[in-house]
Every structure is written in structure tokens, then in C-alpha cells.
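K.L.:
Here is how the chains run, residue by residue.
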Amino acid sequence: MDFQDNQNLIDNKEEKLLESVELILEVKNLTVSFGEEKVVDNLSFNLKKGENVAIMGPNGAGKTVLLKALLDILPYQGEIKWSENAKISYVPQKILPEKNLPLSVEEFFKMKKAGREQAKEALASVGITDERFLKKMIGTISSGQLQRVLVAWGLVGNPDVLLFDEPTAGIDIGGEETIFNLLNKIEKERNLSIILVTHDMSVVYGFADSVLCLNKKLICHGSPAEALGQDSLKKIYGEGVTFYKHEH
Amino acid sequence: MFIGGAAGYVGSLMATKKMSLVGDVLSHIALPGIGLGLLYGINISLGALASLILGIMLIWILSLKTELSMESLVGVVFVLSLAVGFLITPQEELLDALFGNISAVAMSDAVVAVFISIVVFIAARMIYSKMMLAYVSEDLALASGVKINKYNLIYLFLIAAVVAFGIKVGGTLLTSAMIIVPAAVARNASRNMRQYSWLSVIVGIASAIAGFAVFPFLAERFGLSVVAIGPIIILASIVFFAVSLLFKKR
Chain A
49 MDFQDNQNLI DNKEEKLLES VELILEVKNL TVSFGEEKVV DNLSFNLKKG ENVAIMGPNG
109 AGKTVLLKAL LDILPYQGEI KWSENAKISY VPQKILPEKN LPLSVEEFFK MKKAGREQAK
169 EALASVGITD ERFLKKMIGT ISSGQLQRVL VAWGLVGNPD VLLFDEPTAG IDIGGEETIF
229 NLLNKIEKER NLSIILVTHD MSVVYGFADS VLCLNKKLIC HGSPAEALGQ DSLKKIYGEG
289 VTFYKHEH
Chain B
209 MFIGGAAGYV GSLMATKKMS LVGDVLSHIA LPGIGLGLLY GINISLGALA SLILGIMLIW
269 ILSLKTELSM ESLVGVVFVL SLAVGFLITP QEELLDALFG NISAVAMSDA VVAVFISIVV
329 FIAARMIYSK MMLAYVSEDL ALASGVKINK YNLIYLFLIA AVVAFGIKVG GTLLTSAMII
389 VPAAVARNAS RNMRQYSWLS VIVGIASAIA GFAVFPFLAE RFGLSVVAIG PIIILASIVF
449 FAVSLLFKKR
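Protein chains in written order, with my numbering: chain A, 49 to 296; chain B, 209 to 458.
Since the hints were made in silico from the structure, they are not lab data. Some hints here could point you the wrong way.
[Stated by the list, open to error] DMTMM-like, lysine to aspartate or glutamate: derived pairs with alpha carbons at most 20 Å apart:
1) B:K358 <-> B:E279
2) A:K135 <-> A:E70
3) A:K158 <-> B:D347
4) A:K265 <-> A:E127
5) B:K273 <-> A:E85
6) A:K135 <-> B:D347
7) A:K86 <-> B:E275
8) B:K355 <-> A:D120
9) A:K265 <-> A:E84
10) A:K158 <-> A:D178
11) B:K338 <-> A:E155
12) A:K129 <-> A:E70
13) A:K160 <-> B:D347
14) A:K96 <-> A:E237
15) A:K233 <-> A:D208
16) A:K76 <-> A:E99
17) A:K160 <-> B:E346
18) A:K142 <-> B:D347
19) A:K161 <-> B:D347
Produce the entire structure from the sequences given, and follow the hints as far as they go.
P.N.:
What follows is the structure in C-alpha cells.
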């Protein structure tokens, strides 16, 4: 048996494995083009229920575009199939409301039909318990708080899937907690799938069940340890990139 | 007065930078319609409305077909309308068209204006929160299923309606001010969306009332042909604006 046959065997086995679990998302031959340019090129992957996926890739690799296609806010070719009744929520990259935007945190939640109690509950999930916070103007809270508010906003309505566009791991969201701890906590409490775009390797290794590396085409897909071998890293980011994994 | 309130309300939605120029300039697009209305003796509000809708459709189609920004397209359509408007508006009526003339407002006009204002107010109220969300983050709005393009178009039509019926009072130059200034006042003084939207309405109405209150004195003194009510209403709202600056937070 030569190498190729072996590979096929492994692939078949993997496919069978995938079939046995409930899928929440199937993507087949997804292509997104801006004019002539293919920003996402012929992408296929599946997502199991409860699985956390990190999407990685250099700038311009089509990560955000992929998220937007998954949200159905960009036109695409190919097939994106969410499981029935899957509730999907989106946490965008940082937004920058003007300082004097006349909009309170409470009203921001109302836009998602969330009443005061729901807003309070969602905010509690992200560690904001001060009730006065609801009255604050959204343009005046710190960027860390804003990040928390956006996550809380995404949690309203108890989604099954949270799409997360580059939560900056370094951002100080207050106290010792990082956005990554926060995600872990939410994921455990609420039993949802999180798909997140990130550059941060520590998030990938510590949080994700699987990794999708993207550079317009799909470069690798699998558990962080197997997918992020030296070869794939070179393929995504070019030669000379090494990542030192901390062993604990 | 009703127009003032409705104008203030839709104006408050114009918080968006992208839209503010659009709305401002929109009122000038009414000019050719006014000109035609005057030439052929049609109600100028209807003429204005017709040319506004035509202008909006033109901007809309161009923005979908070309990569140009809404601002530049509005700019092009704006100067086009202005040029055409100046050419066809009879010279002696030009001032009225630009600055408004309250004595040209008949009772039937007023009734229609009140009705339109209420319709606009209700419609604006329905799209308010979605427009605001789109302003905070377009992606978030789209992901929440808000059809931004659709709402923007509805919004443009609402402005068009306000402009068309405010135009007899304020003229093309000043009607846009009736939309923008109350919102600016409210923005200075409010801490949340509820305060903001209501304050815009109140300032819009108050400016109109103040304008109507002061107008007779000035008209008596200087003559009706000299004094137009539009500028007085605008000046009243500017006074509110000055006061609101004093209250501005920080």
C-alpha cells in the first residue's frame, strides 16, 4: 500500500467519525469573490455541535469575509448549511461609537429586543454586575468594557453558535481576566460552539478544539497540535516562522 | 409646527455622518420640482416631492451600479438639480423657492402637512432603533437581519416627505436646517436615545412656535414682502442650539 492509499484510508475514517456526531455547520465549496478576486476560494469544512474552532491566517486571508459569509451578510457561491434551528450570534471586531453618541447601554440591548432583566443577565455573564452600568453612554465606556458589552450582546437570546471576530487577547478587559478566560467561562456555562478569528496562538492552543488555517484556500484543518505543524505555519505565514509552544 | 416636530425627529436619525450630507442636500434637489410647479401652476409641494423621489431613485440606482460613495453621488445630483432648478424657476419666485413664503401656504396645504408629519413620525419611529443599530455597527445590524439598504431608502423617502411639505415654509435652503439643527441641539444635551429623539422633536416644535410667535411683529414692522418666516424659525432653533452648548456635558 503506498502513501496515497494510506491517506485515503485515514480520510475515510475521519469522514465516518464526523458522520456519527451531530453537525451544526456544513460548508461545501464556499467561494466568495470581490469582483475578479477570490477572497475565499473553494472552502469545505464541517463543524460539530459544541466544537470550538479557531480561524487563523495572515491579514487579507479572508477570515472576516468567511465569518460574514457564514452570517449570510455577504454574497457567496457554494453551500453553507447550518443545522435546523441553530441560533447564530455575532460579535464584531471592535466598534468605535462616538464619544457623545446618545445611546445608553440599556438601549443598545433593547435593539436586540432584550429587556432590562435580560440585559442584566447577559452582562452578568461577562462579569459586569453594576446596575448603574446600564445607564452609561455607550461611547464613554472603556474599550475593554465595550468588548464585554459586545460579547454580552451576542449572548442575548441564548445562541448555539457565537461567531467572534478577532477578540484581541491582549486587551485589558478589567481585572486579571482576559477575553480568553471569559470565552472559556461562557463556553462552559452556556454549552455553545464558538467560532473565532484570532492571531493569538495561546488562544488557539488553550481554547480551540480545532483550527482552520486559511489563506484564501484552506491550508489546514484539525486539532491545534496536528494542524499547526511547522509545514502549515510556513504555508500560511511564509518561511521563517516558528512558534514556541509553552509546555506546562 | 407638526412639520417642525417631524423634521426634528427624522433629523435625529441623521446622527449618522454618512447620512447627514445626504439629508442636507436632499432639500435642494426639490428645486427643479418647485420651479416646474411654479411654471405650470401645480402645487409646489407635489412638484418638490416628484423631483425628490426622482433624485433619490437616481442616487440609489447610481450607488448600486457604481462604486462611488453616496456622498459624491448626492453631490452630483445636487448640483444638477440646482442648475436645472435655477434655469426653470421664474426669477421673481426664486427667493420664495429658496427661503419659503408662509403666505403661500393654504389651509388645505396645512392639513396635508399635518397628516404627512404624523405618518412620517410613525414610520420613523418604526425604523428608528434599526437605523441606530446600523449606525453603531453595520455588520451587527446585518447579522441581526436588518436590511440596511431597505431602511436607508425608506429613510430617504421620509426626509423627502418632510422636505416636500416643509418647503413652502422654509424654502429649499432652510428646510434642511429644520431637519439638522434640532438634532444637533438634542445631541448636545442628551445622554440616551430616548432623551435625544424626544428632545429633537420638542426643539423642532418649539422653534416653529417661536417662529410663528415672533413673525407677526417683524412682519408688521418690515412688511410681509420683506420678512419670511423660514429664517425666523431657523434663527429660533439656532438660539436653542446656543443654549444647548452651555449645557453640553464636559
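K.L.:
Give a verdict on every hint.
P.N.:
Each hint, compared with the structure:
1. Taking the CA atoms of K358 of chain B and E279 of chain B, the gap is near 18 Å; set against the 20 Å cutoff, the hint holds.
2. Of the supplied pair hints, the one linking K135 of chain A and E70 of chain A holds, its CA atoms being roughly 15 Å apart against a limit of 20 Å.
3. For the suggested pair K158 of chain A and D347 of chain B, the alpha carbons sit about 17 Å apart, so the restraint of at most 20 Å is met.
4. Distance hint between K265 of chain A and E127 of chain A is fulfilled; the C-alpha atoms sit about 16 Å from each other, no more than 20 Å.
5. For the suggested pair K273 of chain B and E85 of chain A, the alpha carbons sit about 19 Å apart, so the restraint of at most 20 Å is met.
6. Between the alpha carbons of K135 of chain A and D347 of chain B the distance comes to roughly 17 Å, so the proposed pair stays at or under 20 Å and holds.
7. A hinted pair counts as satisfied when its Cα atoms are at most 20 Å apart, and K86 of chain A with E275 of chain B qualifies at roughly 18 Å.
8. The hinted pair formed by K355 of chain B and D120 of chain A meets the criterion: a straight-line CA distance of about 12 Å does not exceed 20 Å.
9. With a CA separation close to 16 Å, the supplied pair K265 of chain A and E84 of chain A stays within the 20 Å bound.
10. With a CA separation close to 18 Å, the supplied pair K158 of chain A and D178 of chain A stays within the 20 Å bound.
11. Among the hinted pairs, K338 of chain B with E155 of chain A is consistent with the structure: their alpha-carbon atoms are about 12 Å apart, no more than 20 Å.
12. As the CA atoms of K129 of chain A and E70 of chain A are separated by approximately 13 Å, the hinted pair is consistent with the 20 Å bound.
13. A threshold of 20 Å between alpha carbons decides the hint, and for K160 of chain A with D347 of chain B the separation of about 14 Å falls inside it, so the pair holds.
14. Simply put, K96 of chain A and E237 of chain A have alpha-carbon atoms about 18 Å apart, close enough for the 20 Å limit, and the pair holds.
15. Between K233 of chain A and D208 of chain A the CA atoms are separated by roughly 15 Å; this keeps the pair inside 20 Å, and the hint holds.
16. A threshold of 20 Å between alpha carbons decides the hint, and for K76 of chain A with E99 of chain A the separation of about 18 Å falls inside it, so the pair holds.
17. Taken as a hint, the K160 of chain A and E346 of chain B pair is honoured in the structure, with Cα atoms around 14 Å apart against an allowance of 20 Å.
18. With a C-alpha separation of about 11 Å, the suggested pairing of K142 of chain A with D347 of chain B holds against the 20 Å cut-off.
19. Using a Cα cut-off of 20 Å, the hinted pair K161 of chain A and D347 of chain B holds, with the two alpha carbons roughly 17 Å apart.
Going down the numbered hints, you'll see the structure goes against none, and every one checks out.
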